[in-house]
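Heads up: the protein sequence lines correspond to chains A and B, in order. Sequential numbering of the first sequence, starting at 0, is according to numbering that gives the first Met the number 0. Sequential numbering of the second sequence, starting at 0, is according to numbering that gives the first Met the number 0.
Quick caveat, the hints were computed from the structure, so don't treat them as lab data. Quick caveat, the model's predicted, so the values are computed rather than measured. Backbone N, C-alpha and C define an ideal beta-carbon position, used for all residues, glycine too. There could be a bad hint or two in this list.
[As the list claims (entries may be wrong)] Ranges of calculated distance between the beta carbons of each label pair, as one might list FRET restraints: (1) B:168 - A:158: 40 to 50 Å; (2) A:90 - B:80: 14 to 24 Å; (3) B:95 - A:63: 46 to 56 Å; (4) B:45 - A:181: 50 to 60 Å.
[Stated by the list, open to error] Short, incomplete list of chain A residues facing chain B, as computed with Cβ under 10 Å: (5) 30; (6) 51; (7) 83; (8) 91; (9) 94; (10) 95; (11) 99; (12) 112; (13) 120; (14) 153; (15) 157; (16) 164; (17) 167; (18) 168; (19) 174.
[Said to hold, decoys possible] Simulated pairs of lysine to aspartate or glutamate, EDC-like, Cα-Cα distance not exceeding 16 Å: (20) A:52 - B:141; (21) A:52 - B:144; (22) A:52 - B:196; (23) A:60 - A:43; (24) B:173 - A:100; (25) A:60 - A:215; (26) B:173 - B:78.
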Amino acid sequence: MTDAALPDASRLPDETAPATSAAGLIVCPRCDALYKARRPGFGELATCPRCHKVIAAPRHKAGMQIIAMSVASLIMTVGALFFPFLSIEAAGLTNAASVLDVALSFSGGVLTVLVIITAAAIVVIPALRTSLLIYVLVPLVFDRAPARHAKPAFRLAEQLRPWSMAEIFALGVAVSLVKVGDLALVAFGPAFWMFAVLVVLVLLQQRYLCSWSVWDALNTPPR
Amino acid sequence: MGRSEHAPALTARSAGLVGCRQCAQAWPAGTPSCGRCGAPLQSRDAKSLQKVWAWWTAGLLCYIPANLYPMLQTRTLFDTSEATIVGGAIELIHYGNVGIALIILFASVVIPVGKFVAIAYLALSTRHPSPALAHHRQLLFEVVEYIGRWSMIDVFVVAILASLVHLGSVADIKAGPASLTFALSVIFTMLSALSFDSRLIWDQVGQQEDA
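Just chain B, with the same shape it has in the complex:
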């Protein structure tokens, strides 16, 4: 560590090579697929940012109805209620389950919104090289990649409740339309993050230092 962090590293591209992202093997530039593992080779994914933005937009479009429509429709002896993501969490706080409400709010609101902001920042920042920020950007990207899947927890909770709570007239829970759009939103943002070519974060570092 330390010593070589900001040193202009020799990249595969500047050496006229292309690296396999699956198995790390180097090949001469222009080799179509990796002879070691068979994965297609690309020095840089030229369409990376296009794909990122396409999935990002799709994810955002699905996230809006996910917050407006009910996630759960609960019917008990006394009343019928429909709860949106935020509404359901507020209800939980009323019942005293602050911890669970925070998990739900974190997984369904903080993580998705944070992901939209983070991915947009990463995609936009490829235009503004910054060796000093490369490590932070890489870390941000890894966090987004790692944590994004956990948003699915709310979808699973809805699925579990909707299949479990069928107690005739006493209580009945049905899944609302928001569960579908929310699931799609999570999947689209995962695809958006997976489309991001992290080498774009580091390219700028090399370029600026070479200049």
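Chain A on its own, in the form it takes in the complex:
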């Protein structure tokens, strides 16, 4: 964390002598380096000088923006569930697939496990994660006391992050389109564009969400 956020590591020893003074200290989650915490301002980046991990990156009004994006992506997810994302036509026969069709396409045998994995990665986990974020952030943004289970909820949301794969699915749809392009006439359905919007929302959300700031807010009593 450059001088902007954290002081020289070299100054620390005397200040850390009693272990009970841990309150004002923060530790890089990646490399375990110890620093004296100073609250970074909006737009400032607090990075670990040793391993360059970004520890905190607060943004002004990020909470409200993340809530808005979460609500939007929930709506997109529900919509994308029922509308077809690809339609196919060959020799007068047509077929269209929605996410529900995909989830049900592996019916039978061991492939049922794949149904569960696919449905979880592209619908259940992303929807759960955005719902948890809304639950945690809404009271914070409106200066209320944190939601009752805000802490475990936010920890779960952070753990689910790598398993939320809606954006990978969107690219998969594009690849599929090319793959069957020779076999039949293929076209994007409305749900594909919802997934495309979802990808942008997910990426923006990841950029705006600073978990250090959320934990900070969850532990600061409302004014």
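Let chain A serve as the given structure and place chain B on it in line with the hints.
Leaving out everything else, chain B in the frame of chain A:
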């Protein structure tokens, strides 16, 4: 940057503290869970490497059948064909879709194989301290963490094709058994990478410089 990169940094462990990996708060060593966010605290995940190797082995075991069995079973008016991951990509090249074939080959062969090698290297390298390489190892770890999930793309493509292409006698595509083992392989290697305690990369740096 620059100045403190190789300087012996004061770590939470050497100061008798333990850091929360979730919210970065420091606590006295031995504190069981973080009072700020509730996450369990561990100065170093002692079982980290065991878990890494366990998931790594499971992932590798699933990756072998994923390459031997067919990913897709395609039936058209004229013939029925079964394609493995590599076979399907070669077929795409024959049809002239070199770009897509490269995406599939990259996501399903280069990334998974590269991940197995990278994770094994990271886990083994914790025994051979190297301050000079710490940054490279950290970067490698971040790349593995970030890119690993994208291997799922081939599983999704199979899922999409299998649900979309049902055109009676004209064309029909079914998912093959390899799609399941491949998905499991991706999940297991993701778990393997997530089990790796990146602080192990940096510990050695401190130790060697202190000595």
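Against the structure, the hints:
For the hinted restraint 40 to 50 Å between residue 168 (chain B) and residue 158 (chain A), the CB-CB distance of approximately 47 Å keeps it satisfied. For the pair residue 90 (chain A) and residue 80 (chain B), the supplied restraint of 14 to 24 Å holds, since their beta-carbon distance comes to about 19 Å. About 49 Å separates the C-beta atoms of residue 95 (chain B) and residue 63 (chain A), a value consistent with the hinted range of 46 to 56 Å. The hinted range of 50 to 60 Å is satisfied by residue 45 (chain B) and residue 181 (chain A), whose Cβ atoms lie roughly 54 Å apart.
At about 4 Å, the closest approach between the beta carbon of residue 30 (chain A) and any beta carbon in chain B falls short of 10 Å, and the interface hint on this residue holds. A cut of 10 Å between beta carbons decides the hint on residue 51 (chain A): the least distance to chain B is about 7 Å, and the hint holds. Taken as an interface hint, residue 83 (chain A) checks out: its beta carbon lies about 9 Å from the nearest beta carbon of chain B, inside 10 Å. Because the smallest distance between the Cβ of residue 91 (chain A) and any Cβ of chain B comes to about 9 Å, under 10 Å, the interface hint for this residue holds.
The criterion of a C-beta within 10 Å of any C-beta in chain B is met by residue 94 (chain A), whose closest approach is roughly 5 Å, and the hint holds. Interface hint status for residue 95 (chain A): upheld, as the beta-carbon distance to the closest one in chain B is roughly 8 Å, under 10 Å. Satisfaction of the interface hint for residue 99 (chain A) is found here, the shortest Cβ-Cβ separation to chain B being roughly 9 Å, below the 10 Å cut-off. The restraint placing residue 112 (chain A) at the interface with chain B holds, with a minimum CB-CB distance near 6 Å, inside the 10 Å limit.
Here the hint on residue 120 (chain A) is kept, as its CB sits about 7 Å from the closest CB of chain B, short of 10 Å. Taken as an interface hint, residue 153 (chain A) checks out: its beta carbon lies about 7 Å from the nearest beta carbon of chain B, inside 10 Å. The beta carbon of residue 157 (chain A) is positioned within 10 Å of a beta carbon in chain B (closest approach about 7 Å), and the interface hint is therefore held. Hint on residue 164 (chain A) holds. Least Cβ distance to chain B is approximately 6 Å, under the 10 Å limit.
A least Cβ separation of about 5 Å between residue 167 (chain A) and chain B falls short of the 10 Å threshold, and the interface hint therefore holds. Checking residue 168 (chain A) against chain B: minimum C-beta separation of about 5 Å stays under 10 Å; hint holds. Interface hint at residue 174 (chain A): satisfied, since its Cβ lies 5 Å from the closest Cβ of chain B, which is below the 10 Å cut-off. A C-alpha spacing of about 10 Å is found between residue 52 (chain A) and residue 141 (chain B), which places the hinted pair at or below 16 Å, so the restraint holds.
The straight-line distance between the Cα atoms of residue 52 (chain A) and residue 144 (chain B) is roughly 14 Å, inside the 16 Å bound, and the hint therefore holds. With a CA separation close to 14 Å, the supplied pair residue 52 (chain A) and residue 196 (chain B) stays within the 16 Å bound. Our distance criterion of 16 Å between C-alpha atoms is met by residue 60 (chain A) and residue 43 (chain A), whose separation comes to about 14 Å. At most 16 Å may separate the alpha-carbon atoms for a hinted pair to count; residue 173 (chain B) and residue 100 (chain A) meet this at roughly 13 Å.
Pair hint residue 60 (chain A) plus residue 215 (chain A) holds up; C-alpha atoms about 15 Å apart against a cutoff of 16 Å. For the proposed pair residue 173 (chain B) and residue 78 (chain B), the alpha carbon gap of about 14 Å is at most 16 Å, so the pair holds.
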